[in-house]
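Participant: Here are the chains, one letter per residue:
Protein chains: 2
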Amino acid sequence: MVNIEQGLAALEAVLGKPTQEIPLHQPYFVGNEWEYVKSCLDSGWVSSVGEFVNRFEQRIVEYTGVPYAVAVVNGTAALHMSLILAEVKQHDEVLLPALTFIATANAVAYCGAIPHFVDSDPTNLGLDVEKLRDYLKTHTVIKDNLCINKTTSRVIKAIIPVHIFGHPVEMDALQALCNEYHLTIIEDASESLGSFYKDKHTGNFSDIAVLSFNGNKVITTGGGGAILLKNAALAKRAKHLTTTGKRPHRWEFYHDELAYNYRLPNINAALGCAQLEQLEQLVQKKRALAKKYVEHFQPISFARILQETKHTKSNYWLNALILNKANRTFIQDFIEKAHLQHYGLRGLWTPLDSLPMYLQCPKMDLTNTYDLYDRVIALPSSAQLLKQHGGVQI
Amino acid sequence: MVNIEQGLAALEAVLGKPTQEIPLHQPYFVGNEWEYVKSCLDSGWVSSVGEFVNRFEQRIVEYTGVPYAVAVVNGTAALHMSLILAEVKQHDEVLLPALTFIATANAVAYCGAIPHFVDSDPTNLGLDVEKLRDYLKTHTVIKDNLCINKTTSRVIKAIIPVHIFGHPVEMDALQALCNEYHLTIIEDASESLGSFYKDKHTGNFSDIAVLSFNGNKVITTGGGGAILLKNAALAKRAKHLTTTGKRPHRWEFYHDELAYNYRLPNINAALGCAQLEQLEQLVQKKRALAKKYVEHFQPISFARILQETKHTKSNYWLNALILNKANRTFIQDFIEKAHLQHYGLRGLWTPLDSLPMYLQCPKMDLTNTYDLYDRVIALPSSAQLLKQHGGVQI
Chain A
8 MVNIEQGLAA LEAVLGKPTQ EIPLHQPYFV GNEWEYVKSC LDSGWVSSVG
58 EFVNRFEQRI VEYTGVPYAV AVVNGTAALH MSLILAEVKQ HDEVLLPALT
108 FIATANAVAY CGAIPHFVDS DPTNLGLDVE KLRDYLKTHT VIKDNLCINK
158 TTSRVIKAII PVHIFGHPVE MDALQALCNE YHLTIIEDAS ESLGSFYKDK
208 HTGNFSDIAV LSFNGNKVIT TGGGGAILLK NAALAKRAKH LTTTGKRPHR
258 WEFYHDELAY NYRLPNINAA LGCAQLEQLE QLVQKKRALA KKYVEHFQPI
308 SFARILQETK HTKSNYWLNA LILNKANRTF IQDFIEKAHL QHYGLRGLWT
358 PLDSLPMYLQ CPKMDLTNTY DLYDRVIALP SSAQLLKQHG GVQI
Chain B
8 MVNIEQGLAA LEAVLGKPTQ EIPLHQPYFV GNEWEYVKSC LDSGWVSSVG
58 EFVNRFEQRI VEYTGVPYAV AVVNGTAALH MSLILAEVKQ HDEVLLPALT
108 FIATANAVAY CGAIPHFVDS DPTNLGLDVE KLRDYLKTHT VIKDNLCINK
158 TTSRVIKAII PVHIFGHPVE MDALQALCNE YHLTIIEDAS ESLGSFYKDK
208 HTGNFSDIAV LSFNGNKVIT TGGGGAILLK NAALAKRAKH LTTTGKRPHR
258 WEFYHDELAY NYRLPNINAA LGCAQLEQLE QLVQKKRALA KKYVEHFQPI
308 SFARILQETK HTKSNYWLNA LILNKANRTF IQDFIEKAHL QHYGLRGLWT
358 PLDSLPMYLQ CPKMDLTNTY DLYDRVIALP SSAQLLKQHG GVQI
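Heads up: the sequence lines are chains A and B, in that order.
With the numbering used here as the guide, the letters of the first sequence map in order to residues 8 to 401.
With the numbering used here as the guide, the letters of the second sequence map in order to residues 8 to 401.
For reference, chain A alone in the conformation it holds in the complex (with noise of 0.2 Å):
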C-alpha cells in the first residue's frame, strides 16, 4: 500500500488532480486539422479521390527520409500488405515480439503464415538481438539461402521488430543478424513515429516499413497507417495492390491480380497533413512530459520510468513504468487505484504466445516477456498533458 500511495503521489506531481479521466493516450489538434478538412470537404472530393492523400505522402517521406510511402486505411492493414510485399507466403514462420500489440501477429496470419515469438530486451522492450542470435544458431540451418527452422522445417522468411513505445529496437545488430540469416526485416514503426536511431528515423533500417495514425498514435487520422519504401518498383506495387489492383484508365475497369481497398481516404489524408505540421512539437511535448516523469519518479525505489537508450532518440508515445521486480498483484492494484483517481493507465499485452488463436505457434524461452508483462504500467502520454501552472492541461 505504501507503493501505490507513492506511486499516485508521483502521478499527482506529474498530471495534477484530475476531475475526470486521462486516457492513456488523446489526439490533440491545434493546427490547420479544421481548415484542411473543411478544404476537403469543400471540395467534395472525400474519398479515394483527391489532393491530400499525395500531400500527405509526401510530407511522411519528407519527415522520415524514406523514399516512399504509400497511405492505406490503418497499420493492421499496412502490416499486411508489408508481409505480402516481402513475398511471405503461406507457411511460412515470421518472427516477431511476443509483447506487441495484436495487429502484428495477425498481419502474419492473414497471410497463412505462422506467428514464430521471440523474446524482449528489458532495456527497451523491443526484441532481444542477442537472445535472437543465439537462438537462430542453434535451432535455424541456411539451406539454399533460405532460413529453416530445424523443428518444424518451415523457412522463416521475415522478422518485424516493433518499436515498443517509441523506443528504437537495436537495429545496426539486428541488421547484422538478419544478413546472416537471410530473413527480410519489417519494421513495425506504427509507435515510433519521430523516433531515431542513430540519427535516422525508424522506418529508415529496412526495405519495407509500416506507420500508424491510429487514433491512440502521436498523430491521427482517425485511422490510418503507411507502408514506407526504399524502392521505387516496390512503392508502384504497394500503390497498385492497395488500390484494387485496377490499371489506371479513364472509363475502363480491369484488375490485373488480387489486390485490396486499402487506400486511406482523402478526408482522413487532410486530417493527417495537419496532423503531420503538428509533429516535432507534439514529440517535443511528450519527451518533456517524459522528463517530468522521469523526474516525479526518481525518488520512488521500487520502480523507474523507461528511458531512451544510448544512440536513440524516443518519441515516448508512452511513458513505461517498469518495476523493479515482477509483481502482477501490485500492478493490478495500482491500475485499479488510478483509474479511482481517474488516471488511465494501462498494463502491457498479454503475451501474444498466449491467447488461443496462437498457442502452438514456435516461439524461443519468453522470459523476459512475462516478467515484462507483470513488471510494466503505461502512464497516460498525450502531448497536451505537460504540466504547467500547476493544472492538468486536456
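No lab work stands behind these hints: they were computed from the structure.
Mixed in with the good hints there might be a few duds.
Which copy is meant is left open, because identical chains are indistinguishable; a pair holds if it fits in one copy or across any two.
Keeping only pairs whose Cα atoms sit at most 25 Å apart, straight-line, the calculated SDA-like set for lysine to any residue is [said to hold, decoys possible]:
no.: 1; residue 1: Lys96; residue 2: Glu264
no.: 2; residue 1: Lys144; residue 2: His256
no.: 3; residue 1: Lys237; residue 2: Pro74
no.: 4; residue 1: Lys253; residue 2: Tyr117
Guided by the hints, dock chain B onto chain A, whose structure is given.
Facilitator: Structure of chain B alone, referenced to chain A:
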C-alpha cells in the same frame, strides 16, 4: 456516327454543355456534414472510440429496417467479414455474378474460397435467377444438406446477389432457390442504399448483407461500409471480429480469436450521420435525373435507359444506357467522344471470369454477361446533376 451524335445530343439535353468534366458520381454535401465533422474534431475522438459510430449504425438500422448494423472501413471489408460470418471456408465455392465490381470476388478469395461465376439478367443487370435454377439442377447435387458442385466436388456454400446500379435482384425467386439448394445468401447492397424490393429495403432478404459508403456511392463517409444483420448474436460477433477480437476491459489487452481491424473511424461516421439525413432527398433527385434521362433518350432508336423492374424501387445509383445490340466499337467510340465533351461516361466492369486471377474459376454459360458488357454504358448520375434553369448544377 449519326448514333453517336444523337447520344451526345441527349446527354446535352439532360446535363447541359459542361466546361469541365462531369464525373460519373460525386458526393453532395448540403446538410450537417460540416457541423458533425467539426463536432467530432472538437471532441478529439476521431478514431475508433466515439459517439458517431453508434449513432451512424443506429440510423442505418432505422432507415433500412434491418435490425443490426456494424460500420466498417469500406464495402470490401464488409464483404470479407460477411463471408466469415457465413462460415465460408477455404476451398468452398461462392456464387456471384461475373458482371460486378471486383471487390465481391476478391472478398471470396480472401477467405481462401473460390468464386463461381453466374450469368446476368438483362432486365436488371443482376444475377439471372432462372438461368441459375437450371444450372444448379444439372451441375450440383445435394448431399447432407450441402450443395456440391458435381464437376469440382467442392461445397457451394453461399451466393452473393449484387443489386447492380441500384436495381434489386429478383429476391423472392432467389430466396426460394437458395432454400432448396442450402445456399446462404449475402446480399451485396453496396450500390443499392435507397433501393427497395417489394417495399422492403434491399439488405432485408438475407441474414447478412453489405452496404458501401465509398466516395462514388449515393452517400459517402469518405471510405466506409456496413454489415447488416438480423441476428443479435451474429451482430455481436461481427462487432467483435471487426474490432480486433478484443475482450472488453478497461486496461487489459486480451484477444480471443483471429480478428480484424475493420472498424470505421468516428470522423468518417460523423460525415455518414450527416449524409444519411440527406439520403431521401438525394434518392429523389437521382430518380428525377433518371426520369430525365429516360425522357431524352426516348427518341433514340438504338438504345434505351434501363428502368426499374416490377416490384422494385431503384435508387438509380448509376444510370445505364443499354444498346439494343452488342457493339463494343460503338461503346468505345461513344465514351471517348463523350469524354472530349466532358461527360464522364464509363463502361461496365470487365467480366470477372476473364481477369487473370479468376480465369480458372468455375462458371456457368455467361452469354448475357458478355452481351451486356458490350451493350451497357454508365452515365453521370450524381444527385446534383439534375438540370434545372437550363444549367448543370455541379
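Participant: All the hints need checking, so say for each whether the structure fits it.
Facilitator: A quick look at each hint next to the structure:
Within a single copy, lysine 96 and glutamate 264 get their C-alpha atoms as close as 16 Å, and across copies as close as 21 Å, so both meet the 25 Å cut-off. Within a single copy, lysine 144 and histidine 256 get their C-alpha atoms no closer than 51 Å, and across copies no closer than 40 Å, so neither meets the 25 Å cut-off. Taking identical chains as interchangeable, the C-alpha atoms of lysine 237 and proline 74 lie at most 25 Å apart only when both belong to the same chain, with a minimum of 5 Å there against 48 Å between chains. For the identical chains of this complex, lysine 253 and tyrosine 117 are neighbours both inside a copy (22 Å) and across copies (17 Å), given an alpha-carbon limit of 25 Å.
In summary, the structure is inconsistent with hint 2 from the numbered list given earlier, while agreeing with all the others.
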